[in-house]
Structure formats: structure tokens, C-alpha cells
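K.L.:
Spelled out from the first residue to the last, the chains are:
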Amino acid sequence: MRSLGVNLGRFRVALRVARRSTVQASGRSGLIVALVALPVFGLSALGTVLTSTIPSVDETVTAELGRTQASFVMEFPPDATLVQSPNNPRNVRFETDSHGNPTHHAVDDPRRSPSDFLGNDRVIPLQLLSATVGTATGKGIFAVLEGDSWGPAFAGKFALVSGHSPRSKSQILVTPAALERLGKHLGESVFIEGSQTSAFQIVGTLRDRTKPSNNQEIFTPAGAVSGSTDLASTTFYLPDTPVSWRMVQDMNKSGAVVLSREVLLNLSILGPTEVPADAPTLPVAQLGTIVPLAGFSLFEVMLLAGAAFMVGARRQQRNLAILASVGGDRATLFAVISFSGVVLGAIGGVIGASAGVGGAWAYMQLTSDGNITQYPGFHPNPLVLLSTVVFAIASGWVASALPARAASRTDVFSALRGALRPQAIKRRRPIIGLLLAAFGAVISLAGGVVAAVRLAGGLVDPPTLSAGLVLLVLGPVVMQIGAIMATPALLSAISWGASGIGLGAKLGARDVSRNAARTVPAVAAIMATIFFGSFVMTFAASTEAQARSRWDYWTSPGLAQADLRDWVTPDSASASATANALAVADAMKATFDAKRATILEASATFTGAPGSARDLFAMPRMNVIAACPHGIYSNPSLDTQGCGGRPYVMDQNIWVGSVNDIEVVIGRSLSTRAVSTLSHGGAISLYPQYLRSGQVTIDWRTGDQLASDAQEGAEGGMGRPSRPVHSATLPAVVEPIPHDLHFAVFMLDTTARSIGLKVAPGMVLVKSSGKPTDSEFDGLNKINQSLTGDQQLIQSHVEVGPPSEAGLQAWALVALCALLVLGAASVAIGLARSDGRHDVFTIVASGGTPRLRRSFNFWQAYCIAGTGAVIGTTLGTLPVLAIAVTSGGQSGLPFTPPLVQLGITAFGIPLVVALASAILTGSRTPARPIER
Amino acid sequence: MKFGDGATSVPALVDIDLNVSEGEMVAIMGASGSGKSTLLTVAGGLLPPSSGSVWVDGKNLRECAPRQLSAIRRRTLGFIFQDFNLVPSLNTLENVALPLELDGVRLRKATRIAMEALALVELSEYAGRYPSELSGGQQQRVAIARAVVGGRSLILADEPTGALDSSTSEIVLGMLRDRVDSGASCIIVTHDARHAAWADRIVFIRDGRIVDQARSESPSVLLTRSRPESTP
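Protein chains in written order, with my numbering: chain A, 2 to 933; chain C, 3 to 234.
So, partial list: chain A residues that the calculated Cβ filter (under 8 Å) puts toward chain C:
(1) Arg11
(2) Arg13
(3) Gly329
(4) Thr333
Pulled from the structure, derived: some chain A residues nowhere near chain C, Cβ distances all over 10 Å:
(5) Arg94
(6) Leu161
(7) Ser245
(8) Asp279
(9) Asp370
(10) Lys596
(11) Asp705
(12) Ala729
(13) Thr730
(14) Thr875
It should be emphasised that the hints constitute simulated quantities derived from the structure, not laboratory data.
Beta carbons: idealized from backbone N, C-alpha and C, even for Gly.
With these hints in hand, go ahead and build the complete structure from the sequences.
P.N.:
So, in C-alpha cells, the structure goes:
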């Protein structure tokens, strides 16, 4: 059949042979389908999740308005120049002067009441406020929404879960999560502290569908808690009155910003507006991430599936030679293998895309927090899915193209005679490969520079982001291609090195190096798998280390603290101060179920409060050279208090307690030297910036002086501070700690008294396990309110430390890599065994024992898997190293590869593969292979 | 014709001058490694000669592009191998129709012609079977049908009876003879003088050179003449 001059008959034959070969080699085909389907699964799942985060217009209208016609907020005072975006009321514009101040209204002008411009239209106000409510374990601060949120006008936005709507001002609804925290049942009452404390009966549970299902909120009738309407915190809904764009513009002039159902539903016919509408498209930044990742996936599939196709092409070498002998040209032979790629790619694509849609649905079910703005609906996008299938077909074709090209150049003469000659290595290839790998490293570094510039400069523009990402992806790709080209030479070197280990090692390694045509694709496939795992492991560990280094520790992890310094001052009556501290300690112990509480005393903090002008405040003197080693702050003539930015200048209190107390704060035992210094009347500091010549100097200044110094910037290291009223010098040592804490100088109580330092209980600390619970928070609130009333003077904090999940992730990745490597290695080693049947038969015929065959198979597998694993692991760490090296400094990404996991990946996984290969070596003498 | 490069170069065929006429069957005989199969693959355009020329049906294969060589293999000459070389994933009919389909012949027409070829080798009823379901003799008859399908005029047979028993060999050679008698040309490589006797002419080859050739009326005489002198 000839169509438009193209001989389609040969493609028909090629497709037939490809299809039947694919079915015959079902194991290999299944592996290729899985390799293609895996990234397609990820891409289609990611695409579906992303498109499902974009709401349709109907979904937006329901989430925002329920069944009402419009909502508005009196956001501004009246302004004739105020205009808004049709679909985003937060996006507004009004006339301003050269300083950015509005020219037609003042910020504190009164806002208009809606009744002034709405006439008789029915309006439902919903006012949001917060109130303190008694909970099962203490007191909690809850969001309270006043107004008829349970009414039919808000169907779809709010949903009654249980009970019934309030029928009087004393009845309320709560969210299910709030009901749990309150420790109440329907029908029971709670006390809400608002304009006045009142009891309310809970008559049902209601969910705000635009908030997570764990949202804790209370819904009351209008004015039940606040007693009045605050325009700034109230959203007004129009249940009956449709609002046109013209009406929106008129309402803008009154200072209202509006979301209108009619406008949202007719956005497409609205035409251009002064403030444009937000476009409901995929975020460019996310696309900028997806496209390079898709490119990288394509490359990885090419390497992984390419090895399997190479196996297929080798197995079909004889068939292809037969085709050539009866007149098949190169295009036909190429088509046979590449059609396999297209067929398997299509199958993998359809399976992957379908599974991806299912996976996306499962992911959304698992990760949904019940908020309809998180996933407004399940929106699989046909275009996205079609793209992923096309991507899969392209992946299959690309993966098969190189093996197909090699197959189309098959030595027909030799193949027809059953020969499978090892492919000769071109001499220049290893050198070109090494150069290419080095070039890839340079590209990675360039990507790192771009990424670092973006991070340092806070640039978030998509082109910069994409450029850095593309380079960071392209670099490893080029490196891997270079490594693949250099692999034959590396295998030769390994073969040479293995010769001395024993006969099995010598034969196995030699087999690997002499059959580069089948081993290099296998090494490449293993390398690609391990590369990805190694990169993710290293990146996760490094970003976690970065998060750890940036974590602002208040105390050592696992401590709950109540800071009393705003409440108890050194001027407080000593007995009452101690009693207050003990009360807090008892409450803290009860709340956190702790056996012991630590009370640290602190010197007074200057807050600028009226009446403190003549008071004296003690502070440790800063050693400016140590504190500010660089730049303009390093002038030794300046005797400043610091140079800003670090914890040691955030909190300059002097802390007083026993050695045990100090050890609780820093979370470890003090050094012998520190204990000795403290007991001999000295001080310790956590930072060298407070020491000069082994001494700490304490300066006392008046409030007036400190206020004046602060005004002149002396505290920031910018000027000379005032002369202290008096000073005291103590011998001191630095106690090194693993991370910064908000404590400057410690000393014992006797030392403080000896230098006349006035202190008062400053902090209560108890041990806490893990993240604080709602009941613990409520307990802390209760302590605060019961002791300090509405002033809430006790500042509480629970130090949980930075997240630490990278280790677990790395182990999971090791397991995943091991599985994938076993799959890839089984293909490669299966081919090697198939190819090497003659050699094995010869070994056996020459007296080789089963043990020798096992040794042969072990070393053959170890050389293939080990080479791929070591190269992959090394290359996988390089992109992270590139970012780390180029970003540099304390704010950059540190390079902290998880060495144990990487070591197991590089050496342990190949060992498992090799042992499996050795164990699976049959002890029976193989039959003499017959070529057909 | 040479194999290898530079210092390792080994001459495989030297000063070969062989003409095969229409309706003539030529048997090539010689010891292992003498160059018989190489001669056949060069004649079929699967290996290009390092010097000299090969003419098939008025075309110099040495001057043909790979695509033209493929076309000649589809339309003019057919190979038969010792181990049959059928594509295992194609059934009997599809194997025979292969050259036609590759040449762009419509499927229905290719099938009809292939069925005619199968009828010639008396395997019409096996059209739907796969090679693994056929005996060695049947497979070789399929290979013959594929070699002659579509009126191809030159058959190159490399030890076509090497994997067959003697009675099956006689049947296969008889079929080849029939094709030649119908006007085709055939070059057959064989070790067996009895098989060579089916040919019109026997060519003896040693160390890549033609050492003797004669009509096949008395192959035993030729065998004696071509034997190396050192052999008793």
C-alpha cells in the first residue's frame, strides 16, 4: 500500500512485529510500561491536583456568597476615585499623592453605613470577632461570627452538621472541632466573655465550608457577643438584590468593595475594566516547575526504559536481520523497535494517566482539610491528561530511539549466523564523556548561582525561577550523559582491578567490561534511579539542616516557658513576686503534667514605661569587636551595646539561678570550667560577644539614658552609648551551645547579690513532650488570665525545635531506590545471563563448579549495579552542592548529605542485588545453548 | 573481499569471477571457512565487496545505496538459510508475504500471492501456523516460498538442507530444482556432493578462491580433483 508516495506496508509489518514481540516478551514489556507509567502517574496526578485547586466560577460564587446575590465590606471611607477588580475586591485602586497617600479620603475618616446608600434592600451582616471562652481544660480564644450564618441564604457556604438553628439570642452554634475543645455536648452552656460575660446554650454544630474541618469557631445571633456592629470587621450580604457592575462601581464610591454574583457569572462579557480581573489560570511558577520536571522525567524514562529496549533490540537482532535479508531497509528496522516504544509508551501513558487521576483523587481525600477553597472540586483536565499521554508516547519513542537506531545498523551477516559480538568502544568517548560531565557540573553551578541570587534577592519572578531550575535540571542531565559515555572505560578499569580478587571476580568483571553494549544501558538505568533518589535525599536533608540552622530557639527543645518579666519586676514586693512565680509554677506543672518546675530570676527590662526614667537597669556590656567583626561596626573606639540582628542582642537580661536551673535552660550539663566560674563568683555567657579579656562587665544606666541611647541608635551599634551610672566586672567564660538561645548572661544568686543586682522571678520552665495541645494552650491561657486579668502579661511558649523528617524520608527513598534498582538490574542481568549462556557452558565444561558460577554472577551483578549506584549517588549530590557552594553564607543552603543512607544506596543496594544474583544461580549444569 | 582492518585484514574472497544464468542452478562446495557463505552474502548485497563488483539483473550492487539494495532483496533475490530464519512472531503466510508487504504491495494482494507461493511448496493448509508449530522441513519449505514469492528470479541458498534429514532434504532440493526449471536462477552452498548433484554446475572454492568448476554430471570426479594435494 502506497499513500502519498509513502510505503505504509513496511510500517504495517513493523507494527505487527513490534506488537507481537511486545506480547511475547510480556515481562520486559510490563517493566517498560511500569517505567513509563510511573512519571506519567506523577505528572497526571500533579496536574489533576493543581487543576482541582482552581475553582470554577460557580464554585467561587458558592464558596464566597452561598445563595446570596452579593457581599460587600465597608473597607474605605467614601472616595469617588475608588475602583476595584470585578472578581477580586481586595484589588483596588484610588487616587494618591506622590507619597502614596489617598487624595480623596483620609485613612481615619468615618466609613459610611450601608443603610445610607442601600435603601430598603434586605442586608444580612456577618461580623467576625474573637472572644475568650471557658474550655474543658482552661480558657481559649475563639473566633466568633455573629449573624444568621445558618440561614438558607448561606446554603453551600455554611452547613448545619447537627442540632438546630438558634431560636433566641442566647442560643449558639459551634463547629464540631470547637465543641470538642469546649468539652461540651449539644444542649449544654458555655460562658463567652464579650462586651459582658454571658452564658449561651449550644444547640447545634455548623461548619464554615471555606475553612478547614478542624476550624474552631462559634456562631451567634447578630450582636449577641459584641452588642454592636463594627463596620471594619463586618461583611454585609445582599440575599435578594442582584448587583450589576454599574452598581458595584457606585458602591465603590461609598467606600464599599463588592463581590457580586452577577458580575462573577458574566465576567467574560464585562469587557476591560480599570482594575483588571484576576485570571483563573495555573500559577506560572508552578508551570515553571512542572515543565523542567517533565523534561527531567523524560530523560530518566529514556535511561531506564532505554536499557529494557536495548535488551529487546538485542533479543530481536536476529529477527531484524531476517527482515533485512528479505528487503527490510533501515527505516523498517528502526520502526520495529521504535513502534514498540510507541505502543508501550501509549499503554504506559493511559495506565499512568488513569492511575494518576485516581491517585489525585486519593491524595485529595487524604490531604483535604475540609476547606472547599483548598479543593473546590475534582477537576481532571482532559488537556492536561492528553498532554501526559502524549508525553508518555514521546517518552516511549525517545527511550526506544537509540536502541532502534543501533538495531537498524545491525550487522545482518553476523546476526543471521547467530553472532552477538561485543560492541567496540570508541577511544575518544571516555574523554568526551568526562569533559561532558565536567561541563554538566559547570551548568549545575550556574543554576546554583541563579537560584542563590533569587533566594538572596527575594526575586520571585517566574523567568528567574525557571532559568535557575532549568539549569539545575540540565546540568545533571548533561553530567549523566557524560558519565554514560565514560562508563565503558570505567568498567574496563574495574575489570582490571578485579582481576586480582579471584577467578569468579575476574570472569564476572571481564564479562561486564567486554559487553559494554548491554552493560552500559543497565548501568545508566541504575545510575538514573539512584541519581534521583540521592538528589532528593540530599536536598531534603540540606533544606532541613537549613531550617534547623534558622530555627529560633527560645530555650532548648522540650521546654514550656512562662515569661513573667512583664508582670513581675524587681520592684515588686519580694514576697508577692515569689508567691506569683510559685503559683505559675504550680499551674504549669498541672497543665503539662510535669514533676518539677524551674524558676529563673532576671534583671529588670527597660520597656520605656512612664515612671521608669530614674530607675536603674543593668545590662551586660557588648564587646563590639567580637559582636561586629565586619563593616562599619568594627571601630574599637565605640563601646556600644551591639550591632543588631542576633539573639544575643534581642534579650539583654541577666539571668540568675542555680547550676541546675541553667542546665535546664540550655538542655545540657555545664562544663566543669563553667561550674567552677559560677561557684567562684563569676558569670557565664552563651556568646563570646559579651566577654572581653575573660570578663563580663555589667553596666547600670537610668531609663532616661537608655531611652536617649536608643534614640541615637547606640543600641544598634551605630553610636556611642551614654556613660553608665556604675559598672561591675566579673570573671566569665563562654559556655558553647549547639544553637542560639535568647539568654545572654547567667550567674548565681550569691553573685548577683554581691554586685547589687536586683532580680525578680523572670521565667518558669517545665518539661513538655512534643507539640502543645489545645488543652495545654487553654491551660496557659487560664493561668495568664486568672493571674494577670485582661492584661495577659505572661508570655508563654513551648519550644518544640525544628522539624526532623528528612531522615525518615531518606530511608523511604533508600527502599524505593532498592526496589527500582532490583527491577532495572534484573533486566540487565537477565540479558547478561542470556547472552553469556555459551560462556557459562564453557566454564562448566572446563570444570567450573557451581560456586565459581555463583561467584561469576555475584561479581557481574556487583560491577553493573555498583558502578551505576556509585556514579548515581555522586552525581545526585552535586546539584545540591552547587546550590550550597554558590549560595554560601549563613542564609544559604548548607550541604549536609545523609551519609549513612547515601552510603547504603551506593554500596549496600548493589550488594543486595549481587547477593540475589548469586543466590538465584542454579546449581544444575546448564544445557548447551542452541541458536535458532 | 576482506574482513578486518589494517594489519588484521584477512582476504575472504579473492579473484572470484562467477556468472549464473537464468534457469541455472550453481552449487558452491568447499571446506569450512573457505568462503562459501561469504560469497553468497556478497552476491545478495548483504556485504559490500572491498573491490570488484557484483551484478544482479543488470545492476551493480556496489554502486547501489542501502535503500536500493533493500529493494533488490525485496524484488529480485531471495535468501534461504540453513536454520530457516523465519520471523517467529509472524505466521507462515505472513512470513511468505513479508517481502511483498515490505515492498508496499496491498495486503490483500500480498496475501493472495503468498498463498500461491505456499501452494507451490504444498503448505497451503499451514498458512496460519507459526514457525514453532512446524517441522524443520516444513519451515524450510516456507523459507523457499518466501524466497521465490512475487516472481523473484535469484535464489541464494546457504546450506538449505543442513538441518534436515535426507528424505526431507531431497524434497526441498526437488522444490528448488522445480523453481529453477521454471526460469529462476539459484546459487546453493552445500557440503554434500549428493545435494550438489541437483545443480547444473558445481563450483569448488578454497581459501576464498574458485579452484574448479564443472557441469554436475560427474560430481565425484570433481570432488577428487578439488581435494587438497596433501590429502591422501
